[in-house]
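Novice: Sequence:
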Amino acid sequence: MEPQGTPPHRPVLTTLQVAEYRDRGFLSIPGILDHDLLGRLTATTERLWNEGRGLTAKTRHHDLAPGHSAETPRIRRISSPTELDDVFMEAAFRSVLGDIAADLVGGAVKFYHAKINFKLPQGGAEIGWHQDWPVFPHTNSNLVALSIPLNPSRRGNGCLRTIPGSQGRGPLSHWADGHYVLNCNASLSEADMAEAEFNEAEPGDVLAHHGLVVHGSEANRSDEIRTTLIIQYAAADAFAYTAPVIDSVHRNRMVRGEPASHARVEAGVIELPPDFSRGYTSIYTHQGG
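To convert, take the position in the sequence shown, counting from 1, and add 43; that gives the working numbering.
No lab work stands behind these hints, which were simulated from the structure alone. Predicted model, so just to flag it, every value in this text is computed and none were measured. You may find that some hints are simply not true.
[Claimed, not checked] Derived Cβ-Cβ restraints for the label pairs, each shown as a range:
1. Glu267 x Asp77: 20 to 26 Å
2. Pro302 x Thr115: 42 to 48 Å
3. Ser216 x Phe241: 21 to 27 Å
4. Asp318 x Asp235: 28 to 34 Å
Note that CB positions come from ideal geometry on N, CA and C, so glycine has one too.
Put together the whole structure using the sequences plus the hints.
Specialist: Listed below in structure tokens is the structure:
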């Protein structure tokens, strides 16, 4: 179903919550997602997972880890779920998530992309330190990603980790020795990494992080899969310089407010990612070399 206009913005966060996000680059919002919506997101995600069991190769929507089979499914991402079921449209465009995004960007907000990440049990991939904005740079850095855990997210199963305040350092290089490695480890010190926090969360919680905050996650050492819906939003006046890493028919659709008539451009020199116009593999491929 296509979005029918944009709902009015109903602020849901306190002034203190918005200030915490702007200071730390990250905010945890406990128990805010509607229980019924959460249940439908979880059930639909399980159905999409099962539909991918029989795949023998990566598709536009399903990204498969090595060793995938119908008997031992190893699906690590479903891209653009808003194209696959209306419940994801409801979540991204019509639920409280749109209001949270508008609160955090400080005004009109648009959809950029969505994905469901699966961190597989017993060694599901570690995600190295990185920022989102340098992977899909925009005219300004007012981007926010909302993570919605569909099962408990813990230290032991590879929950999100963030380095508080790291968005204040601006964009860091995600290249090394002429290769795009999609991590900024070379720009970080041991002291920086020692500041990282584990962002544990329950289903129904929402985790928000700024486009420049440094984040990553450890491997899943548990026996249970970790499943997270992630929706990337951008301020209406932020326009992408490069091809999207995850394209969608819904990209740049307004979520709250009106489209921008001008781009707001932050000064500076931008280090560009590779040209993804002919397709993007995945963060797992780039970080894995």
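Novice: Each hint: holds or not?
Specialist: Okay, the hints, checked on the actual structure:
Hint check: Glu267 to Asp77, Cβ distance near 24 Å, so the stated range 20 to 26 Å holds. Separation of Pro302 from Thr115 is about 46 Å and conforms to the stated range, judged on CB atoms against 42 to 48 Å. Restraint check, Ser216 to Phe241: a C-beta distance of roughly 26 Å satisfies the suggested window 21 to 27 Å. In this structure the supplied range 28 to 34 Å holds for Asp318 paired with Asp235, their Cβ-Cβ distance being about 30 Å.
Of the hints listed earlier, there is not a single one the structure fails to meet.
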